[in-house]
Amino acid sequence: MSKPLLILIAGPYRSGTDGDPARIARNLERLEEASWPIYERGHVPMIGEWVALPILRVAADASGPEAPAHGMPPVEGDVMYTTAHRLLQHCDAVLRLEGASQGADQDVRIAEARGIPVYRSIDEIPVLEAAGVA
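Residue 24 in numbering that gives the first Met the number 0 sits at position 25 of the sequence shown; the count goes up by one each step and never skips.
In short, the hints are calculated from the structure, not lab data. Any given hint could be a false lead.
As the list claims (entries may be wrong) - For each label pair, taking beta carbons as the anchor points, the in silico distance ranges come out as:
1. 119 / 57: 30 to 38 Å
2. 39 / 105: 26 to 34 Å
3. 125 / 59: 15 to 23 Å
4. 89 / 125: 16 to 24 Å
5. 77 / 15: 30 to 38 Å
6. 113 / 21: 31 to 39 Å
Cβ coordinates follow ideal geometry from the N, Cα and C atoms, glycine included.
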C-alpha cells in the first residue's frame with residue numbers, strides 16, 4: 000500500500016444517550032479518540048459528524064434564500080445518515096467501533112455492499128510505510 004486510506008470512523012453518536020448533550024459529546028469524543036491511531040498508521044481519519052454537524056448548524060440558522068426549500072430545518076438523523084452515505088462514496092475503509100448504533104450498522108452494510116474493508120479494531124488497519132508527516 001502506497002497511498003493513505005480515508006477511513007470513516009463509525010460508532011455510537013446519539014445511540015444510548017436519551018438525547019443528553021453530555022453523553023452525546025462523550026460519544027463524539029470516543030469517535031475522535033480513534034482518529035489519532037488512524038493518523039499514526041499513515042491514514043486520514045473521517046467522522047461523519049465532523050461534516051454533518053456544521054451543515055445542521057447552518058441549516059438551522061438559515062433564513063431567506065438560504066432557508067431549506069420546505070422552510071423547515073432538516074431532521075438531524077436525515078442529515079447524519081445522508082452525509083455518511085455520501086462520505087462512503089469517497090472512503091477507502093470503515094472502522095466500526097463497539098456499541099449499539101443503527102447509523103454505524105448502516106455504514107457497515109453500505110461499505111460491505113461496496114466491497115470497502117470494514118475494520119473492527121485499530122490493530123486490523125494496515126500501517127502505511129513511511130507514515131511520517133510529509
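Each hint tested on the structure:
1. Checking the proposed 30 to 38 Å range against residue 119 and residue 57 shows it holds: the Cβ atoms sit about 34 Å from each other.
2. A beta carbon spacing of about 28 Å between residue 39 and residue 105 agrees with the range 26 to 34 Å that was offered as a hint.
3. Restraint check, residue 125 to residue 59: a C-beta distance of roughly 40 Å breaks the suggested window 15 to 23 Å.
4. A hinted range of 16 to 24 Å holds for the C-beta pair residue 89 and residue 125, which are about 19 Å apart.
5. A C-beta distance of roughly 20 Å is found between residue 77 and residue 15, which places it outside the suggested range of 30 to 38 Å.
6. Between residue 113 and residue 21, the C-beta spacing of about 35 Å keeps the proposed range 31 to 39 Å intact.
Hints 3 and 5, counting from the list given before, are not met by this structure.
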